[in-house]
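Listed below, chain by chain, are the residues.
Number of protein chains: 6
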Amino acid sequence: MQKGIVHYGIGDSIDTYMYIKSSTKAVASNGKPFLTLILSDKTGEIEAKLWDVTEADERNYVGEKAVKIQGEIQNYRGRSQLKIRNIRLTTDLDSISISDLIQTAPLSQEEMLGSITQFIFEMRNPNIQRITRHLLKKYQADFLTFPAATKNHHEFMSGLAYHVVSMLDLAKAIGGLYPKLDKDLLYAGVILHDLGKVMELSGPVSTVYTVEGNLIGHISIMVNEIGKTADELGISGEESMILQHLVLSHHGKAEWGSPKPPLVREAEVLHYIDNIDAKINMMDRALEKAKPGEFTERVFALENRSFYKPQF
Amino acid sequence: MQKGIVHYGIGDSIDTYMYIKSSTKAVASNGKPFLTLILSDKTGEIEAKLWDVTEADERNYVGEKAVKIQGEIQNYRGRSQLKIRNIRLTTDLDSISISDLIQTAPLSQEEMLGSITQFIFEMRNPNIQRITRHLLKKYQADFLTFPAATKNHHEFMSGLAYHVVSMLDLAKAIGGLYPKLDKDLLYAGVILHDLGKVMELSGPVSTVYTVEGNLIGHISIMVNEIGKTADELGISGEESMILQHLVLSHHGKAEWGSPKPPLVREAEVLHYIDNIDAKINMMDRALEKAKPGEFTERVFALENRSFYKPQF
Amino acid sequence: MQKGIVHYGIGDSIDTYMYIKSSTKAVASNGKPFLTLILSDKTGEIEAKLWDVTEADERNYVGEKAVKIQGEIQNYRGRSQLKIRNIRLTTDLDSISISDLIQTAPLSQEEMLGSITQFIFEMRNPNIQRITRHLLKKYQADFLTFPAATKNHHEFMSGLAYHVVSMLDLAKAIGGLYPKLDKDLLYAGVILHDLGKVMELSGPVSTVYTVEGNLIGHISIMVNEIGKTADELGISGEESMILQHLVLSHHGKAEWGSPKPPLVREAEVLHYIDNIDAKINMMDRALEKAKPGEFTERVFALENRSFYKPQF
Amino acid sequence: MQKGIVHYGIGDSIDTYMYIKSSTKAVASNGKPFLTLILSDKTGEIEAKLWDVTEADERNYVGEKAVKIQGEIQNYRGRSQLKIRNIRLTTDLDSISISDLIQTAPLSQEEMLGSITQFIFEMRNPNIQRITRHLLKKYQADFLTFPAATKNHHEFMSGLAYHVVSMLDLAKAIGGLYPKLDKDLLYAGVILHDLGKVMELSGPVSTVYTVEGNLIGHISIMVNEIGKTADELGISGEESMILQHLVLSHHGKAEWGSPKPPLVREAEVLHYIDNIDAKINMMDRALEKAKPGEFTERVFALENRSFYKPQF
Amino acid sequence: MQKGIVHYGIGDSIDTYMYIKSSTKAVASNGKPFLTLILSDKTGEIEAKLWDVTEADERNYVGEKAVKIQGEIQNYRGRSQLKIRNIRLTTDLDSISISDLIQTAPLSQEEMLGSITQFIFEMRNPNIQRITRHLLKKYQADFLTFPAATKNHHEFMSGLAYHVVSMLDLAKAIGGLYPKLDKDLLYAGVILHDLGKVMELSGPVSTVYTVEGNLIGHISIMVNEIGKTADELGISGEESMILQHLVLSHHGKAEWGSPKPPLVREAEVLHYIDNIDAKINMMDRALEKAKPGEFTERVFALENRSFYKPQF
Amino acid sequence: MQKGIVHYGIGDSIDTYMYIKSSTKAVASNGKPFLTLILSDKTGEIEAKLWDVTEADERNYVGEKAVKIQGEIQNYRGRSQLKIRNIRLTTDLDSISISDLIQTAPLSQEEMLGSITQFIFEMRNPNIQRITRHLLKKYQADFLTFPAATKNHHEFMSGLAYHVVSMLDLAKAIGGLYPKLDKDLLYAGVILHDLGKVMELSGPVSTVYTVEGNLIGHISIMVNEIGKTADELGISGEESMILQHLVLSHHGKAEWGSPKPPLVREAEVLHYIDNIDAKINMMDRALEKAKPGEFTERVFALENRSFYKPQF
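Those protein sequences? They're chains F, G, Y, S, D and P, same order as listed.
Take full-length UniProt numbering: the last position of the first sequence gets the number 312, and nothing is skipped along the way.
Take full-length UniProt numbering: the last position of the second sequence gets the number 312, and nothing is skipped along the way.
Take full-length UniProt numbering: the last position of the third sequence gets the number 312, and nothing is skipped along the way.
Take full-length UniProt numbering: the last position of the fourth sequence gets the number 312, and nothing is skipped along the way.
Take full-length UniProt numbering: the last position of the fifth sequence gets the number 312, and nothing is skipped along the way.
Take full-length UniProt numbering: the last position of the sixth sequence gets the number 312, and nothing is skipped along the way.
Rather than coming from a laboratory, the hints here were simulated on the basis of the structure.
All of these numbers come straight from a predicted model, not from anything done at the bench.
Each statement offered as a hint is correct.
Pairs of lysine-lysine residues, derived as BS3-like cross-links and limited to a Cα-Cα distance of at most 30 Å, are as follows:
(1) Lys260(S) to Lys138(Y)
(2) Lys151(G) to Lys253(F)
(3) Lys253(P) to Lys151(S)
(4) Lys3(P) to Lys21(P)
(5) Lys172(G) to Lys279(G)
(6) Lys25(D) to Lys291(S)
Here chain F stands alone, though its shape is the one from the complex (with noise of 0.2 Å):
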């Protein structure tokens, strides 16, 4: 991975390109108004704030933007923040394309695709790979764009298609030592799990939650594609129903947002490849920043743990 904001410590100085994931007025103790971005460029993200600002910065420095910084990265109560010496919008003459600045998967879309396609020509249950294939192919474009979620893990552009493949990997695995799991409907689980997301979020970039997946929320939306797509593909079997079941219950438990445990043992185990492949990316990152013999910054998601990074 090429050196980007995540691999900068307090105190030294940056003058580079960013991405403005979003910008939020406030008002500073001093009654000045003042934004708080956040920067992204492949690597990660870093708060600033831009003080004393004028109505043409507020209008400028907007959500989506790319724009060039010169700055400081400074210890805030914990965290690294960027102070902001120098701030502009790229212009043509940068040859910056906001691409360049997105954070997004390590693999492309093209790699993914055939990957996750490659897994479903594997399934030998017709009715199992009729419907995964239907609905991967319904919201195929947006599957491959979106991210797994607005924070936490996998939060970048194509990072729903990521941790999907990740987890196809972790399925065959476990699938090769466990030979009575039914790896049909541990690839279509992982392949159907979360992808009520593109519903649920609003687009690959800056994404946030839709009424819809306020209200709804990706596991019902899911849920209720399965039942549909059983209907207009003419299947009558149980598959479907147990499918829609592994969407319902792949958050294990009731307080986790699943109306139902998982009751099937396909159900179980996909609970546990999710579980895994996000929490292990979680940490990855964190320890990504963290030197030897350091802890990490604290992980919200991982129950607010510091990790230990050994020296050996």
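Fit chains G, Y, S, D and P to the supplied structure of chain F, relying on the hints for placement.
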């Protein structure tokens, strides 16, 4: 209400017709088989033990049969239990039909359907009205005969419709006092909230959970049905999503089975109305069996409380 | 309701009279003192900051004063905040009295007292009636002016009486639908349940907890008062104890401050009625500020939820 | 302590006098009635079964009778149970009185009253002293004979006073080590904290909860009594309110029945003292029955733990 | 797997050899003693009741004996129970040895030891390798024969080693997919994590907790052993502390017995691997007894869930 | 106790020497750096802000320095904060040494060591005595200077030893009142329970957690030490295991960091003694700053309660 099984006390003898809701064979500590029967009449039910059963007994005294029975009420670990002295299957000579023995709603199916139809008629929003009318019509037959649950409250024939009628009256009263409430939404939410039970449960009497009921649940079943109905009727407004949300959230909290909490005013109020009608129903039935100055049996679904019946 | 502070949005300018509910001095990050004012008018309240205050400002702008104010509404961490441009104390020339600026119940004290008196008049049980009438009369003056709480719901002048009047109407509606409920008990429970607030809180406006309120609480205060009243009136029946139980248990659960859960039918229903009236009040006020198609601010006392206002 | 029922082990035969604390009829799996007796002597109690009882047995072997009994101790699901071989009511010829068979405090009522009186005598604050003395005197007879609970700890005759005496000694020791503690408050809190049990429970032996005990509870009963006493004695200082708070908060947390947590230093310490004395009492009794190198029976009120008795 | 006790259904007769894992005497409701036997063969175990036992029966049918048995499988409260018709101890004429009847791991001790040795051989960090090899060697004999638990999962002879071997395979697969994981740490963590069970439990069959197991627990026992081993081997680097942390934290949360949560990446992954292998083992065994289209018995250690076996 | 920082109130000016416990740089909302200093004297500590700092300020005002300071106490969000007007490092001319400014135990190290030695001398069980004496001697120097914690209670120099001395006195008092308690075990448990803090924490002042403290924790560190000591001294009895259990379980519950709950009587009592001494210490310090008739600041470690100081 006519005199029935709930009106007898410890020590009373009975000689009456009853309906076998369920029958379970087990082996006593003396090594001989016995049957545990759940017997009901129109007023309620009681557990009974038939000791030292023959193979003929096992064949005869199974669920969904009517029997003539003599015995007496005893106390078993703080609960009433019927000790059977004599039992036989009914014959044509008894001039008794099963419908005479099954607990059912205090209103006729026609009365209940009439009442609900009137509420739908009063709706002003055509989208809400059409979805509600369509789904009620689609499942009307089962809706009018199914219980609202396998136990705890309204667990008798036509209990589902009766629960809905009581809730509609309550919705009307509350809607009158808090005029900002959208009565159309509230009525539609009441009518649809438990309609998925006709697929979650197996039938009007001696009901158990279906596989679909266990794996998907009545909430998600109905959310899917609303989505399909809106598609079929070509309704594209926000009403369909809001109705889905009302059904989805009517258990109030994730840990009670709602993947989203109520996020619309009428969804919150629907949850209250459901709760009040169910709980007053449970308290009324427990208190009916208690005398003034006494505490009721413990009511499991009310946090195992015993309720006191004042003397005045 | 006339136009007031709750009807302004982010960016709006205001030029109006307001009432200082509370004023707190603190030191800004530039080392200069500033005041955080809670300002209200008849429609609601807003937080405001007065920067770089002088000693005269500190003396002038304290709680329970009326001020003329100019400024604009800004967004501070997702909440509205008033940035003050000009502020001065009102003078006689302003022809404004504090009562014009204080949020108060939408019914007059006379209307509310008349309504409650009628409910007491309708009681049939003389013991319940005499205890209720005695206690209402004893604390009538404060009861008619106090708020129902320091925040969350009915936290305005006469909010306590208004909450009681709404609950009585709800009690009457529910009592009509579930005829086994003892309406006398229910009405008395409603009237007495929060009456201890007149000792728990310090006064009708800018109210805070008293020492007795903190150490004993309105529930135990009122339970004691009922016991004393029964003694004084020579009432020896069970009614006094049951009324004490209704007050004692009206928060529903030990962890919500009721040392006993409701163990009498009407105590359980009283808890529902209190809950419904308080929560609909909170939702109504949050939704009043939101536009169709938007979510409200988070409501802390409703598990921090944001509510959606449908577009139809 | 003389040899008694707690000193017998599995397999031992006994031939002794015992007291019937309670007797419950039920029906065995062979259809015959039997009695479950809780039998006690001065050292403790044991459950016993009397099989195949006649109607005369049912009339004779009821609560609060003394019996001569022969049988042997058996293991029933990990607990000791007495299998009765012979049982008869005692007669005058047995020269045994019920007081010989009832477990009671190891100190006489006179000793305990003397000790408590001395603590009251030592109080320096006249308001605290007068309230405490008045209430002790008012309920002295019951206070000296009632148990402290129906089960778990100090559930024997005069257990309430004995618990108070032990706690006073502990309060004195702790008060000596932490001199900022107000000993008057601490002693008064100890003496009054459970005094409401004389109204919560039905009597000195075979005690059950009264209706008032169930609906109001000993904490609220005593808070009321302190308020009334202060009124009667014309005490207007803060002491009465603080004493009410000590009683109100002595269970420590809302979920344990205290509507307010301890908010005064001595209230917090009172909670510790109550806890320590009760729990050491429970551990001592469980460990008395265990041999070195063994674990005790599970103690329900100590989170169901088994305690180990070291071998040294 | 050969046909055995887990393959019989309700109503089946059996005539076979079995091993008595435990035998408990109790008294039936007719006053006669009976034995509750836990009988096992290589496929699993079943509870059996032997009624009306003689003193000779009590002496003969104790734990760790082989018996010839005839009887039939019955339903007792939703669980299978064996009703014994005939039972006798085996003699030399039966040509059956206890090892034929004890459930054991599907791999031989040699195979398992070979596999684990290979994993240790592959380690690159000499400190981790030496500590792991030393401890495995020290406790090798018990490690190869002990179960992994007294119940729930891998509770058969050599279950501990088998659990470790399965986890090592899983660790290798996951380590391959997430290359930042330190495989040495992961393998050592897997091998050591439950090694303390050889001191926590009493032996390879009919195992119970030792006093040390109850008071200290396998986690703390092993943490101590690692510390002592590092001292003995003169290893002073950070590896010893990190290995202690992996063992200390492998239950994942304080409330599950780990005084520290995982704070090192491999500690977190070790917790997942342990969890997955244990839970798939439990689901596999429950599902083995169920037919397609049915639910399994409830599995206590999986939150008491019943799992559904799909029909396809 | 001499007058010090805890005795000043809001609005008071101070001109005194203080010790910098810690210094953290951050950036104010005007973009300029400032320092947050935790300043202490013998009576306690206070937070202070130094605005607009120069690079020289940053170099000078770091942890573990003594300073001369002038400023005034202000209210910041309900807590006291020192606004610095003048600050300078102390010089030899000030005739002040750091030990004059560091909060330390009210007893000298010699007094505390003498007291503890006497308790060890009184032990009768030679195994307990030898293990305790050995470990105290091994870590004596650090034990006498370390604090008991980084915050909450006894977080001053020699706080660990002072906490132990207070607990020993309490253990003696309780041991006298409940004679079945094994005083040797209790004393040894008190002396050893927190001794692992000398490895968990970094030093006597400005203490932070070590890596070993974070990953292993003082409980497991000490359990290991006891095991090693018993090995070294050749002590083979049960005492070593029981002492390990006392240390292991002294936090009382798994969720508070004890992998086993107390399962030995003295372990349970050790937990109470630790709790009482810590909590009375916290209450005393909070109440010292409050006036009669007022509530204290909220005490985080006491469930965030504010305590009331009665007026009598």
